[in-house]
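Enquirer: What follows is the residue order along each chain.
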Amino acid sequence: MAGITLFGSLNTSLLGIYTHKLAMNVVSHNIANANTEGFSRQRPIIETTPPIPIATLTQPSLPMVIGTGSQVRDIQRVRDLFLDIQYRQVENRFSFWDTTISNLHFVEQLFSEPGDTGIRSLYDAFLSSVEEVITDPTNVAAKREMISTAEQLVANTKDLYSRLQQLRRDLDQEVLQIAERINSLVSQLANINEQVRISSALKVTPNDLLDERDRILDELSKYSNVSFTETSDGQTIVMLGDQVVLSGSVQTPVRAEKRPYAENFHELFAGNSKLTINDGKLRALMDLRDITIVKYMGYLDEFSLMLSDKVNLIHRDGFDSSGTVTGLNFFVPISAQYSGEDPALFRVLGSRQMEAGPIHRVTGLNNYENIPGIVNKRFVDDGRLIFFNGSDSFSDIFMNAGDTINDLITSVNSSVSWLNMGVGQHMTSNGVKYRLYMEENTLPISDTLVIDASGTLLSEAGFQTEEKAFLSIENILNVENGSYRLTFNETLIDGTTVSEAVDIDVDTSSATILNDVANAINTQVTNVQAKVIGGSIVLVPVRNMAFDINRLEIEDEEGFLTQADATTKSFTVLKPSETLENIFFGATNFDETQGFKITIGSTDINVDPTVDTLKDFAEKINKSNTGVLADLTPHNSFVLYSTRSYDFNLRFRKISGPQGLFEGLGFIDTNSDPLDFDADWSVSYDLIDPSEDFATLRSKLSLAELLTVDKKFTYEPFYFVDQWAVSSALSMNAESLAVDIGQSDANSNWNALSISATGRSNTKILDLISQSRYEKLLADGKENFFEYIGGIIAEMGVEAETANKMRDNSDVLLRDINSERERVKGVSLDEEMANMLKYQHAFDASARVMTAIDEMIGRVIDNLGVVGR
Amino acid sequence: MRVTDNMVSNNILSNIQNTLSKISKLHDQLSSGYRVRFPSDDAVVATRASNIDSSLRELEQYKRNMDHAESLINAYDSSLKEISSVYNRIRELLVKGANSTLSDDDRSAIAEELSKLKEHIRGIVNTKLGNDYLFGGYMTDTQPVDENYNIVITPEASKRRFVNVLSYKIEFGITARDVLITENQKSVFDVLDNAYQALMKGDGQYISEISLKDLDYLERSVMDGFARVGATQKMAELVKSRIEDLNIFLTEHLSKERDADLSQTITELSMQQAVLDAALKSAASVLRKTLVDFV
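Respectively, the protein sequence lines represent chains A and B. If you're matching positions, the first sequence starts at 1 in the numbering used here and goes up one per residue. If you're matching positions, the second sequence starts at 1 in the numbering used here and goes up one per residue.
With the rest of the complex left out, here is chain B (with noise of 0.2 Å):
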């Protein structure tokens, strides 16, 4: 077969550029360390790594929802704390003033730091937190209680909030009703001030009768409350730990699927960096000669 030196020369620097472009796309690769860094270098990687990436991001702004709703979730906590502490001195004022052999004054003082104690609950359900009220559930601009011990969240308002996390919602929050009302659908202030009218008179029977299974039922809307704030924060933390999860293999699937390997890219480089040498030196030595040299 016929050779023509053009046909020796076009060869080789067709093989040379073959073998340059191989090694410049490795460069890249160990520059970027990715190895898939356009949809046309491998259009299904590509388009998982991009899907990847916006889950990643969605797992992201999960998180920072997650952490948001358990900041407040703790505030909720503390609050309810508060109210549990405040029920404990109520009945052990209530447990004090039931016995019939107390003074007027005294029961008057009980009565006193009694109805100081149904203020403070308010100021505790009237909460601020930055401009919101804690307990508003939707209307967080309206003081859920007002200056009559009325609640004024309507029932309409009266909803938990929720953050979205993954695919499903988590309610969070708690509203005036759910601890002013108890179960039995009584004020909490309504069940303070018949105590309160009760000590004034004297009426222990009353008392031990009736306020203090009634501060039972109070209690149990606090209770009911914490469990709720336990179980969402139960929630949280599984949330946050499968978020991390997910995270985490997602990260993993993501590096897997489009970095490059660096030992492997590593490798195909100094191949190709051979081949490149052995292309230049065999072209330096077969283009050096022809028959004209010779004649």
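The shape of chain A in the complex, shown without the other chains (with noise of 0.2 Å):
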């Protein structure tokens, strides 16, 4: 055997040329696809065919094994499928925060905060509008300038409210879009899973289709998470979220589905599943459409609740300029609209104004570990007290430095008839101490007077004092010997006036001449009385008069109090401080010395009813962080509110405590007698079960104003926004404001019925309105109207920051992969010329070996044999 044939070698050298034909051909595909998206470059495989053994002449044991050229054995397309997961991943990331930001930077846009078009400014214009109204209160244009900025305000926020829900609603349409888009996605992989299967069946590798399908992956994971695997014949299963949507040819179509309720947003579907998606475009824009936005129109709607219900109750106290009681609510109430399902129960308000009454107990020294600490706590000055009892009698005390509490109560109980001391115990919240209190014996000690002559004595003994103006009668002997008519005209506190004369011998010469002053008064005069305090005659209007210098004026024709060099004086006076006990005082098996505790939740709430005022149990309850929170009105009725993070229900959480309490803060009614509220304090009773059905509730809080509000459904706001308005009855007339906050006559039980105007000046009522921008009333109690928008502001930018940051991070991330997938899958023209160089060489150098094997063929056969022919 002499080897290959000549004719072998042709075929060898036409195999060169085919191979680099074929080549050729991947590298022109190439170029041609070098822009197309999703395209990864392709390369020939070139091998070798299979060697053919010869035996040779020389070895012919040891056949050589001889080449017979090249082929290609597959067109590879050139692809990482690593960096393509870690694509779809960080695809995944950057279009949701691509999605969110852009949508954030609309909501921080349409807030248009910091600037002074945003709601804040017109908050801050309302309030200006109101401090007009306080420093000229008998403008009508201020007070109508006060309801248009209210107005305004509302408008705005109600805008700004739609414009976010719209948003909502656009969001919702690019979710219903998407869901499309991915079906059409997903259809095309369906059709490409198709022609793989058979491309596999053939045994060929689909290059291009594989690319497509790729590209269609690419896409998919800018809206969701989306996760595939391939089976043994090439085909794909493809998950979307937590769903599968393609298994083979067969899909699975992702439906959108109305919400039954409210704007009927979409939830989406695969076949019967609910999808859930966890990443990617769709994510966040089900996110901003049912999370970041509700939450943003939550806080508007929190601020309109509130802010228009505390304006309501401030408003609803006062009198307007003309002296009438309105009871006028400034803002229309937001309250529950559909009926059928129990609403929430936002606010509930006591009937009880609990102010102007009378004071039975003050509390001294307090706090005490026992009770020697107190009675033997010494006085250090000398000092005298002077006990009035509002009418016609004075006591005096006369204490020494060195003298103990204890001689100071001894004396206070024999000598004083009307009122007693003595220590007691209280419940503090460090469990029980001692005090020192007065309390009444006969009479209630607002009805009557305690001076502290030295100004020192009553204030070490711990009670609460303030200054009192009296005339005082300072040189009776500069006055000539003579009689004298003094004409007291006097303005009573039921608002009679009454004129009483007094005659008054002077007689220099007697030495009791003070005294016999202060008798003659004393005894022809029945409202004012007299009393001697040092080398003075002090003038005390009794407690018909309130003990008020302003309610005398005096006729003095002779010049008596001219000569005595008469002059107004002030005196230290006890000042009676209106505590719990106070106002519960003498309610059934009410026992101010055990405290009580009122429980919300699980959180117990102690209350020390002998030094704690109203105020001090409402910010306790405030401090409590139990979700309620406690306000008073501007006459101390008693409200309870509910919160956001309990959706302005009070009826998520329990509310216990005695049922005296809840009686005598005007919630209950146990005895069919509104104006009775003496119930027993050693029941305890549930004031809120979240077991109760509302019906039960309302009949029990029947004393109570309740304030109800529509549930929140599931991923949708309040919608209180949307009922906000100013009172119609204002908007017409602007002279019903009120602004007046009048004054409560006394009343014996704690309950001011009877308020009267005091005049169109007084304008307490809109300063309170003013003030109440500092009550933190918002955000479960730890914020204030004032801060509160600023609080939504800088939640905005943080929100916002961050959706940028990580948008930017993703960014850079994704461009560095996708860098990195180009530099694998990429097509480099100077490659491809590179190796169409390449390429193209092989193939002349193919054609030349043929070429000589032509020639060598041509040799044999024309030139082989012919020697000498």
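No wet-lab data here; the hints were simulated from the structure. Check each hint, because a few of them may be wrong.
[As the list claims (entries may be wrong)] In silico EDC-like pairs for lysine to aspartate or glutamate, Cα to Cα no more than 16 Å straight-line:
#1 Lys289/B to Glu831/A
#2 Lys22/B to Glu557/A
#3 Lys201/B to Asp808/A
#4 Lys805/A to Asp41/B
#5 Lys213/B to Asp565/A
From the two separate chains plus the hints, produce the assembled complex.
Expert: Below you can see the structure in the form of structure tokens.
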């Protein structure tokens, strides 16, 4: 055997030509698709054809292996699947944050903060206009201005709110469109799967189909987290979110179903299963629609609800400038609209107006570990207390430096008949402690007066004091002897005026002149009593004149007062503090020494009625962090609010405490007498029990005024802003704006029923509205109205800033990975050029070889064996 | 490492995009003057800016409140001055009237003037400013002193008005009771009536011993009023300058926080423009040639 034939070699070179022609084709395909999206460059895999072993003449036993040429075994696409997976994960993130930030940016533009056009500046403008009325209370234009700024605030908030809602609608539309797009993409994938299946049956690699498949998966990963697995026949199973949407050529379409409530936004399903998507644009859109924007709308809801109710409760307690009670709401109350379902109980307002009642007990030194600690305390200075029973009797107590509290107690109890002093227990948050107290015996303390002539004794004994002015006749000895007549013109607390005359005979030679004059006054006049203090005669108006010197005017024709250097002088007197033990005094089984507690949820709030006032009580509730806030109206009605965390529904938490307390606050009525607040304090009572239905609750809270609001749906705001409006009565008549808080008449049971106007320039009501900006009623009692909008801005800013940063980060990452992917799969024209030259040269060379062999064959055929021819 | 054409062009493009977005942001800052325009630019600064904005608006209102109060205080001041000059005249009259050598005619002329002055005081106290009785306390719709010289303002309404300024209230205003009731609880009109009677009776001793002393009380009550008005004016001055200071301080603070630093921004802008130029130039030279051009 003599080796391979020439024809064999011809074939070898032919294979070279074929191979490089094919390779050239791949090059041109690559160049043609240099800018095709998703295209990955292809590479011909050139291999040798099987060699032939041939025995040679020299070594017949060991045949040589002779190559037979080359062939393209396969055309491969160059791609790194690991990078694809990474790319899609980052693409998820990127489009999530990109969608988030662009929408958040829109939201912050809507809020237009910081700036002069947002709702914060309108709220400020509203407060300014309130101040404007305070400074000029009779100016109707200022009142109108106040109402119209309120209307602007409402209108702008509503506008902002509706724009946010519109944005949610747009987002929902986008969700729908994306669902459509996903379905179309998945159906393309199904198509590809079919073709891949055929290709793989034919054992060919469908490079371009696979590129298209990867491109579609890339796009899908923009919308949602997506994963896929390949079956043995090259088909894919695609999971979108947590559901399989494609298996082979079987597609499970994504369906958008309307929610059966509110705006009928769409939920996504794959087949019949709920589709949960964790990332990508869809997730971002749904988060914005259902959570983020809802949150900001919820903030506006809270702001409008709290502001309108707070302002209403203040405004309702006031008198308009004509002095008639209006009881008018400033804003139209936001309240439950839908019937059928139980509403949320937002606010409970007690019916009892706890002011101007009698003081039965006052607390002095308190919080002492034991009784001796109090009674053995010594006075530093000499002192004198003058007790006045409010009508006709004075009692003097003298204390010397070094005397003890015990001495004070003994002398008060022996010489003052209308009140007692003692030491007793009280229940603080640190357990039983001891206090010094004064309590009524025959007269309420508020009907009497305790004058501290020395000015230090009362405060040394721990009692609260205030300054009160009385008329003091300083130098009686300057008066010329003779008869004088004084006429006292008195304005009593019921508004009537009385004149009383007193004739005084002055005899300066008498040693008892001070007492003589005082006696003359005390015997002839009933509404003013005289008391000798030091060298002066002090004229004290009686209880009927509220001990108020301003209610007294004296006619003094002969100039008695002038000669006697009468002048108003300030004295230290006991200031009766309106502690809870006074309000609930004498209630059945009410024991002030034991304190009481109310329980909200599982939090106990302990109250010490001997030192805590209504305000302290409300503050304790507010500090308890229970989602229940307490507040007082201008005329001291007790209010309970629920907060945002509990969806403005008091019924989420159990509120229990003594039955007597809840009746005492005017919430419940145990005895069918709305004016009798005496229920049993030893009975524990559930004011609000989440397990009770609303009808039961409503009948239970028969005395209270309830404000109910609509319950919120999942993923929806409360829609309170939609209801917000300024009362039309006020819009039409600015004069009916309440300005004057009025004054409650003294009453015996701490329920001020009779309140009279004081005048149109008393602007206390407006001042309360203005000051309400500092009340921490928002964000679960942590923020006030003034800070609140700033808080929203901060939150929005941080959220958008984060989204921005995350977007930028994932953008960089995405670009890096894309670049990496491009590095692997991208077409490099330079490279293709080089390959082109390479293949071209090889092609040329193969052709040359073929020519050579052709020549060789020619030689063999034409010229061989013709020697000598 | 393999570098493909798309990589190069993508990179160049995204870098140019980056630079352009920086430039546009800087342009924004320059044209608006604000470094922070949206909360997302800088949440902390934006919130602070919003708070300061709000405080500035509040201050503006306080200033208006104070201005309003001040104009009322001036009205009180001039009324008190008038009352004071009336009292001076009364003193002159009484000193003259106390002279026992006076003829009956002279005395009744003095008494006549006295009763005119009494009427004048009522007129002053019943001064109306716009629609409001200046000395009416809460009852600005009621004439404080009626035809019979009774003070009709109730004790409940006899309270001073206030305005809110900064974190406190400034009480201002004087009520009819403040000026008309003396320290010894007598009415000015009673005192003048008594003096009138004494004049008519020719009781010189009464006038010099009682009436003139009573007049001391009257003047003291006016002085009290002046003191109160003066104190409020002083307070108003202080508060206004405080508001002014706060205003300047807050505006400065706000500007420091929120406003763009122009020189810095312009420098940055020109830097970014240089970067952009370079990027474009290099892009042009890199993207122009491939191997294609040479084979």
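Enquirer: Now tell me, hint by hint, if it's right for this structure.
Expert: Against the structure, the hints:
Of the supplied pair hints, the one linking Lys289/B and Glu831/A holds, its CA atoms being roughly 13 Å apart against a limit of 16 Å. The hinted pair formed by Lys22/B and Glu557/A fails the criterion: a straight-line CA distance of about 89 Å is larger than 16 Å. Of the supplied pair hints, the one linking Lys201/B and Asp808/A is violated, its CA atoms being roughly 101 Å apart against a limit of 16 Å. A C-alpha spacing of about 11 Å is found between Lys805/A and Asp41/B, which places the hinted pair at or below 16 Å, so the restraint holds.
Distance restraint check for Lys213/B and Asp565/A: the Cα-Cα separation of roughly 9 Å lies within the 16 Å cut-off, and the hinted pair is therefore satisfied.
When the structure is compared with the earlier hints, violations turn up for hints 2, 3 and for no others.
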